[in-house]
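Protein chains in written order, with this note's numbering: chain X, 1 to 359; chain W, 360 to 718; chain V, 719 to 1077; chain S, 1078 to 1436.
Hints listed in this document are in silico derivations from the structure and should not be mistaken for laboratory results. Given the structure is predicted, the values throughout are model-derived calculations rather than measurements. Just so you know, nobody snuck in bad clues.
Below, computed lysine to any residue pairings styled on SDA-like, alpha-carbon distance capped at 20 Å:
1) Lys74(X) with Val1032(V)
2) Lys1040(V) with Met1345(S)
3) Lys714(W) with Gln865(V)
4) Lys631(W) with Asn318(X)
5) Lys355(X) with Gly1436(S)
6) Lys412(W) with Arg685(W)
7) Lys990(V) with Val1391(S)
8) Lys1151(S) with Gly474(W)
9) Lys1238(S) with Gln979(V)
10) Lys750(V) with Val314(X)
11) Lys1349(S) with Gly833(V)
12) Lys1349(S) with Ala830(V)
13) Lys1151(S) with Ala471(W)
14) Lys317(X) with Gly629(W)
15) Lys628(W) with Pro651(W)
16) Lys1073(V) with Ala1189(S)
17) Lys355(X) with Phe1225(S)
18) Lys1040(V) with Arg1344(S)
19) Lys1394(S) with Gly989(V)
20) Lys1073(V) with Phe507(W)
21) Lys631(W) with Gln309(X)
22) Lys34(X) with Ala830(V)
23) Lys1142(S) with Glu446(W)
24) Lys990(V) with Asp1387(S)
25) Lys676(W) with Gly270(X)
26) Lys681(W) with Gln261(X)
27) Lys272(X) with Gly474(W)
28) Lys631(W) with Asp313(X)
29) Lys987(V) with Val1391(S)
Number of protein chains: 4
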Amino acid sequence: MANSFGQLFRITTWGESHGGGVGVVVDGCPPKLKLTEADIQPDLDRRRPGQSKIVTPRKESDTVKILSGTFEGKTLGTPISMWVKNEDQRSEAYNEMASKFRPSHADYTYHAKFGIRAWPGGGRTSARETIGRVAAGAIAKKILKEQFGVEVLAYVSQVQKLTAEIDHERVTMKQIESNIVRCPDAKMAEKMIRLIEKMRSAGDSVGGIVEGVARGVPVGWGEPVFDRLEADLAKAMLSLPASKGFDIGSGFGGIALTGLQHNDAFRMKGGKVRTVTNRSGGIQGGISNGEPIYFRVAFKPVATVMHEQDTVDVTNKNTTLKGRGRHDPCVLPRAVPMVEAMTALVLVDHALRHKAQCG
Amino acid sequence: MANSFGQLFRITTWGESHGGGVGVVVDGCPPKLKLTEADIQPDLDRRRPGQSKIVTPRKESDTVKILSGTFEGKTLGTPISMWVKNEDQRSEAYNEMASKFRPSHADYTYHAKFGIRAWPGGGRTSARETIGRVAAGAIAKKILKEQFGVEVLAYVSQVQKLTAEIDHERVTMKQIESNIVRCPDAKMAEKMIRLIEKMRSAGDSVGGIVEGVARGVPVGWGEPVFDRLEADLAKAMLSLPASKGFDIGSGFGGIALTGLQHNDAFRMKGGKVRTVTNRSGGIQGGISNGEPIYFRVAFKPVATVMHEQDTVDVTNKNTTLKGRGRHDPCVLPRAVPMVEAMTALVLVDHALRHKAQCG
Amino acid sequence: MANSFGQLFRITTWGESHGGGVGVVVDGCPPKLKLTEADIQPDLDRRRPGQSKIVTPRKESDTVKILSGTFEGKTLGTPISMWVKNEDQRSEAYNEMASKFRPSHADYTYHAKFGIRAWPGGGRTSARETIGRVAAGAIAKKILKEQFGVEVLAYVSQVQKLTAEIDHERVTMKQIESNIVRCPDAKMAEKMIRLIEKMRSAGDSVGGIVEGVARGVPVGWGEPVFDRLEADLAKAMLSLPASKGFDIGSGFGGIALTGLQHNDAFRMKGGKVRTVTNRSGGIQGGISNGEPIYFRVAFKPVATVMHEQDTVDVTNKNTTLKGRGRHDPCVLPRAVPMVEAMTALVLVDHALRHKAQCG
Amino acid sequence: MANSFGQLFRITTWGESHGGGVGVVVDGCPPKLKLTEADIQPDLDRRRPGQSKIVTPRKESDTVKILSGTFEGKTLGTPISMWVKNEDQRSEAYNEMASKFRPSHADYTYHAKFGIRAWPGGGRTSARETIGRVAAGAIAKKILKEQFGVEVLAYVSQVQKLTAEIDHERVTMKQIESNIVRCPDAKMAEKMIRLIEKMRSAGDSVGGIVEGVARGVPVGWGEPVFDRLEADLAKAMLSLPASKGFDIGSGFGGIALTGLQHNDAFRMKGGKVRTVTNRSGGIQGGISNGEPIYFRVAFKPVATVMHEQDTVDVTNKNTTLKGRGRHDPCVLPRAVPMVEAMTALVLVDHALRHKAQCG
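Throw the hints in and build the complete structure from the sequences for me.
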């Protein structure tokens, strides 16, 4: 009972890996926004399996269809229902999953919680669930861009120990999309791609870090004390499959500094109150301060590996399981549009909430 | 409009640093729980300013009063209203704050968002707001302990660069409370205390890491896809003042491993499905798996320092501001009961949610 | 932004009269419930236009498809997405509606609120929206019956001035379904049918009353103070198109009595606390008391009539409009499954909520 | 777990009849609204027991104190906590209530639901709970008046069989407050007062109807499909103690008309789209249409009567109980400010929701 996200711009996702498809209902979208499938599909294509040699090869076109909420190419203010059919449903590849729990997957916990689980393809725990998020996020990004001048970006900054240094204030979507790993540092991207290919060959996987950025957010978004902007971003990111950590601004690294070193001094600049440094990450006291928002999300290495591993089965017996079928050596390139989507969903929700009370 | 937290065990906090006090209403508490102020006060005393030489010296007894929701020492199932009076209200110490924004505080963002702010003591942005959380958390901890056998603990594991190694599976409350910095590693605790005292003398401050642990959580708590247990924990922690990051299980550190290295193998042990390692941090697919839950929260160094800093005033002029009055060189010892409280609030809420759908 | 209903058993409906269809996502359904389309379709057939000579003739099979949330015929505990295609889309019949507001319809208010509206078939204001409710309600009724022994029924008790006297404690589904007006008083049903046919011939319409009953509800459901069981039922009923009033138990009629006359005395009966009379309508203080719950819902005469009426157009000019195309002389027979559905949705939600706090 | 009401202007009430008091936290109030206790107290005085000879004589000053959320007489945008102490706590008058269930009260259902109840004064089921609503409603009314030009009124239109005819478009607060029964028809008011006095002498009680009116509501408030304005009003009214029914506009009476007779024709008037009649009650399709909103709420006769009645006790034995102590012969005069408060709370919440999506 937690398949909805957002208070005023509220999405509800549904769907399992196998079955009638996956989708999302978006409630609360402002009316009269120009919207067709062409606004949604590009982000789904960035999330799609099989998009490059370094991601999972599942064959899915992931073609979105808007079933409601628009009329003559514009939003109505009523719920927008979007649907993507499931196509590549090879249950047989997963047969062993019916009786054995994949290590570090959600098979066991779903089985224990619900007493039943859709084992083909991981059912609801499949990353296909994020299709609904990315589709809804595309709408959120469009609203942010057109109505608030806010740009949301994400990119891969680290794969295992390969770390890129990216200037989050200047990085562009073009740079991010210039290579298949979505790391705007071209040289490091090449190394990352080689590492991921090596992992694919070894039947193993790697994790890393995706950084998210929002530029142009006006002062005032965020609802203390519990729905601080960074709190909602943290929740959004930790709700993504395989994510294990989140920090914002100086984050874990800020600990090394003293308060005097860490504080962001205020100065007037161009008639605006600005901070000289931005260790706060664009948010102070839970409310945006007009500086760029930037944060990091840690993703663990994908749990499915092509090796025999110890596990137990549904009858509580020790056994082993070897990953078969599709193998995703690195979730990061596809996590980029997911991070963007969740960021945009948080921001547009807060934009509307701010308007309601203080607008 | 975000002063409530939780779905079924729902708290609403209120109150500014100065004024009639601070408090909380707890809605959804199960009936017939034994409860008096004596169950609440100890955690408030752990959160209280002035409790030791290394925390802020504000003089407050922080005595809690239960105004409703109990009868003859037991909960009624109706809202529990708790109230703590404000006592030490030295507005004059903050006079300069009326017109100048403290760097890296929330003065500017509140001013910009609401067009008004209660500047004495920081108003709603004061850490006094967490009194309501800690009071409610004490109830949550009691329910977890008595009805579910779950123990929630937190402790300081790092102050600036001083890092303790704590075994989260075995650490005890007694060890944690054995020193004023709340680090169960006694030797490291001494160093930490010296560092904090040095900072106090220098009018500066340090941050660090609080680790949270929940032991005894049964399999099955957590509501994917958006209200994953780790997602709600992340939000809870990032909603605390001065927090900048969260990770769970292997967290940011897990990135160094490959999938094969990182996966937690399942094995039967004592008739139960257990994992051999616990890099998952007790949660898989957003649902508890029966292993200990452990996570880290990064806190930045407190922004109030006793030095002159650049800032701007409410008339948008550059100026400087020097911290005066009470100085908190390190928020960590007092953050420990806050982290415990928020952890307990998340867990009891999920316990009730799990019971509703799957009980 | 209000297309969801329920707290723990939460439905989200979507869809316009014309377009990709209408549907619903059900979140929070308990796992392991046997469920296929065959459990849903019968109630949709009872709601369907064209089912008899006295309802609107729109040609729709209203065939439901479950897209997610079940596996091998059982619920997973994940969101259940259900979809019904739109088939009979004769926009041309509505062309005049593009520029003129139908009196006592929602055309004008939608236009004014959103600045845009899907005029074909009334868009989101079409009664087709209730398909999602009825589909979700069928699941709710199944849970109530199988897991709680609760039976939910509704029937037509009044059409304009034709009033039937029905014993809500004994009326059966068979009696209700024995005639096309769904009034279990066979003689009165004949008169009602004749009246509705007369109205159809005259191009006019009539309203009336649907009574709802829930039998077997255990003591204890309902969440004071705001989510009293009768409050949520009232909201549920007033959210149905064309409804104008609700009362429960003695309702508006109870005003004629004094307190002494009106009170329901308690007596032990069969080892249970029972009330001798049931003017409370099965609810006291917002909580079910174990007696049958019964209430009335007033529906106005359908606004679409085949006569020329004064109205204004989208350019704010006075004009006239004559209803064309499909004409529904009486909404009551089709409102019966809607009332049942909403009743069941309220009850199953409260069943889960009660279990969470007091179970 | 249902002591909150509203989505964006959200109130949480707490408190029992006896104990530390009753109160409310208001979250989401716009900042910079002038607000002191003087804005709240007058409505509490209208709700207060002992205000006249025809209401319950409990001696309470019901003095409200604002504990948070304002600064220098203006709202901060943070939670407003308001508290009223309990004063007249004569538990002994209720001693028999500890072991016997009062007929048609909530004693039995609370006891059965929670397994515990605060029997003195009815605990949470006491009408004192509505103090929080009325206090919050006073703020809502102030916002509506000052920021939207909306006036909210309520009055008694019927006591048992004594029915007044009131023109809801023209009635004034002064007329309503000109007599103690709050019926603006002075002649009928006298009869009503005599009837209530007769009931008081007889130790009996009477119910009746309170009508609510909102004038000046702009076009566009209301959130279909579930949070239609009339649906939220219905819920609000049925959440009041002793209410049994709600209808809006033509309501139950509209059933007598055909669609052609019932429809509200649109005409331009003063440059605005207006309806010639207002059987819709100011709401069409769940959204306000600019006409006055008016509705009726049925209140049953108060259950406490000074006569011996059959009941059962907590040991499940048949017994009798005679009302003692304070006797409220008619709840209607005090229900008037409650109806106003709930109306205002619904409206201001919808005003903010409308602004968020369509503003």
